[in-house]
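Kindly generate the complete structure, drawing on both the sequences and the hints.
2 protein chains.
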Amino acid sequence: MQSKPTTIKEIAKILNISPSSVSRGLHDHPSIGAVTREKIKQLAKSLNYEPNNTAILFQKGKTYTIGVILPELSEHFFSTAISAIEDELLKKNYTVIFAQSHDSYEQEVRLVEKMKNQRVDGLLVSISKDTSKFDHFEKLSSFNIPVVFFDRIPPFKNVHYVACSIENATIKAVNFLLKKGHRTIAMINGPTTLFASNERKDGYMQAITFNRLKYDPSLIVNCDLTEQGTIDAANQFINHKRKPTAIVAFNDYLALFLIKYLKKLNIIQDFDLVSYANLPIISYIDNSPIASVEQYPYLQGQKAANILLDLINAPNAENQAYYNTIVESDLVINEDK
Amino acid sequence: MQSKPTTIKEIAKILNISPSSVSRGLHDHPSIGAVTREKIKQLAKSLNYEPNNTAILFQKGKTYTIGVILPELSEHFFSTAISAIEDELLKKNYTVIFAQSHDSYEQEVRLVEKMKNQRVDGLLVSISKDTSKFDHFEKLSSFNIPVVFFDRIPPFKNVHYVACSIENATIKAVNFLLKKGHRTIAMINGPTTLFASNERKDGYMQAITFNRLKYDPSLIVNCDLTEQGTIDAANQFINHKRKPTAIVAFNDYLALFLIKYLKKLNIIQDFDLVSYANLPIISYIDNSPIASVEQYPYLQGQKAANILLDLINAPNAENQAYYNTIVESDLVINEDK
DNA sequence: AAAAAACACGCAAACGTTTGATTAAGCTAA
DNA sequence: TTAGCTTAATCAAACGTTTGCGTGTTTTTT
Chain A
0 MQSKPTTIKE
10 IAKILNISPS
20 SVSRGLHDHP
30 SIGAVTREKI
40 KQLAKSLNYE
50 PNNTAILFQK
60 GKTYTIGVIL
70 PELSEHFFST
80 AISAIEDELL
90 KKNYTVIFAQ
100 SHDSYEQEVR
110 LVEKMKNQRV
120 DGLLVSISKD
130 TSKFDHFEKL
140 SSFNIPVVFF
150 DRIPPFKNVH
160 YVACSIENAT
170 IKAVNFLLKK
180 GHRTIAMING
190 PTTLFASNER
200 KDGYMQAITF
210 NRLKYDPSLI
220 VNCDLTEQGT
230 IDAANQFINH
240 KRKPTAIVAF
250 NDYLALFLIK
260 YLKKLNIIQD
270 FDLVSYANLP
280 IISYIDNSPI
290 ASVEQYPYLQ
300 GQKAANILLD
310 LINAPNAENQ
320 AYYNTIVESD
330 LVINEDK
Chain B
0 MQSKPTTIKE
10 IAKILNISPS
20 SVSRGLHDHP
30 SIGAVTREKI
40 KQLAKSLNYE
50 PNNTAILFQK
60 GKTYTIGVIL
70 PELSEHFFST
80 AISAIEDELL
90 KKNYTVIFAQ
100 SHDSYEQEVR
110 LVEKMKNQRV
120 DGLLVSISKD
130 TSKFDHFEKL
140 SSFNIPVVFF
150 DRIPPFKNVH
160 YVACSIENAT
170 IKAVNFLLKK
180 GHRTIAMING
190 PTTLFASNER
200 KDGYMQAITF
210 NRLKYDPSLI
220 VNCDLTEQGT
230 IDAANQFINH
240 KRKPTAIVAF
250 NDYLALFLIK
260 YLKKLNIIQD
270 FDLVSYANLP
280 IISYIDNSPI
290 ASVEQYPYLQ
300 GQKAANILLD
310 LINAPNAENQ
320 AYYNTIVESD
330 LVINEDK
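Chain order of the listed sequences is A and B.
Quick note on numbering that gives the first Met the number 0: the first sequence kicks off at 0 and runs consecutively.
Quick note on numbering that gives the first Met the number 0: the second sequence kicks off at 0 and runs consecutively.
Since the list can't tell identical chains apart, any single copy or any two copies may satisfy a pair.
Taking lysine-lysine and the DSSO-like style, the derived pairs with C-alpha atoms no more than 30 Å apart in a straight line are: (1) 132 x 40; (2) 138 x 44; (3) 138 x 40; (4) 115 x 38; (5) 138 x 38; (6) 90 x 132; (7) 262 x 179.
Keep in mind that the hints were calculated from the coordinates and are not lab data.
Remember, predicted model here, so these are calculated numbers, not experimental data.
What follows is the structure, encoded as structure tokens:
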């Protein structure tokens, strides 16, 4: 028994009134009398009437749907962020559709195109590692589809974005290590192509120079984020003429590789580690970083979602300022250490 | 400059042909001549024509959209599963919308309702911990919306599902421990209300009795999945007259709690641990479980997605059998140990 | 050369809902 | 009484696309 869903027309026919009256009745429009309104609502209920969303969306030219494009959903950072986005948008009765770029620029371009065809009301994006051109996003503005970037953002200001101040956090992190007495602090950074790598480097340099120490460029090593890359980087420090006593790792994944390797060499106790939080359970690990930069993915997701809603509902889509929101990241000290 | 999107009608008007011909031309319908077809396609391209999806969906009464409802996206298991689902459905040009029940039955009911209103073509669901009634899903079948459950499935056969054989995996796990010489094996199980708990218990009992050992019910302790609950359970074993030499933990989260506690008591070396994999990096932990039951979330997601597509495109939605797919889970031995 | 078939396209309805314009009836105030 | 107002409802168009059916023209077949 495949009951076709009830429609407004059917209700109208049964009640011998017009479909428009039914529509208005269901929406409490003042021009429908109380008696008729109740009759409509009761019949609708008893027939299990459910508005046909596709019809409404089509009619209104609005989809109440937000697209989310991010590199990799199975990374904890992103799954937490999108979890927040969904929670936030559900409250406002928006629907979330999402897709993963898998860190491929071409895929990202395709997905943006697809989202546009889906007529999303707006887009939340964390860009792929490969993305250095942004035409595919600019095209959206001519269709009046607002975009808010989060966490992985383009390197310029004239877009809406939410991100963490990795630079400030890095300053805090290095200061913390300096205060603990460390004088030779190394950093295993990400690829130079990443904006995030530059921020870390800048923060590091600022902290060092502010404390009137000499900045030694050879203490920052870039790495490709793989396990082998991390090992190679570590080797440079271990054999360094000024052997560091503390290491700042680009993220928790690198920190894990590093810990594993240093343990194997049995020199883990020679270093204090600081990392940037991606993994929830890293604190359970022995010899885990003594401090961690928390980037608040849930908060970032929340804020990005709300900014997007603001933009969608802004009356004057014209000449409005760009939202450039910075979520202050915090240095979380691992108590056990 | 907010260019309104081009429509088929406009193209038709410019070319002085009917909208139907344009539509057919764009779809390579045989009844449109090659010349006209090319003219249509070229103009469409130059005007940046993009089909209005909402109109198409409305017209076809199909949304090419799949809903996914799961308890908690930020759990690694689920983010991996949905990652697979998205990858799989994107290939077939379906769109994914999702929502989290946050393990609340009421929320789940609401979400099912919402998905139905969205007119999804099908639903993939991992049920909440609280769910013991299933009317909200049964309602869907009268609207011809197929549902495939994965991982967290209802406790009966007359639905479509994909899940892991936790029972078999548990047998393997216990056998593995027995082969290692353990004779007193404890289990920290989940709440008795969970189907997953019963499976583990059944597997445990089968392995024990098959090996002609005596089953001691006091060696299985149920726990509420919290840290304190785990500690309470552990204490029962530690003070047990037959102190176990191996412990099977309900999942990696419990294993973490357990490891932390046993380390604190400095008796971690007295136990061999086995757990069920939820966390990707648990193997990096010292004293981590010596073996782990892998439940293949990516594979489960893939299979569930494909089954759903089969159901959606099945010509005879009537009297067809239920897909009851079991993904064999494997016991992964942690090599380092 | 006539009949049949193939081709190329147009017409109009349909999908379900919303909404501006319109109307008819009853009521109020001068 | 009559113009004006309120109330309660209807009408019809519109959103963009698809599709069954019809039709006129050309080509093929016999």
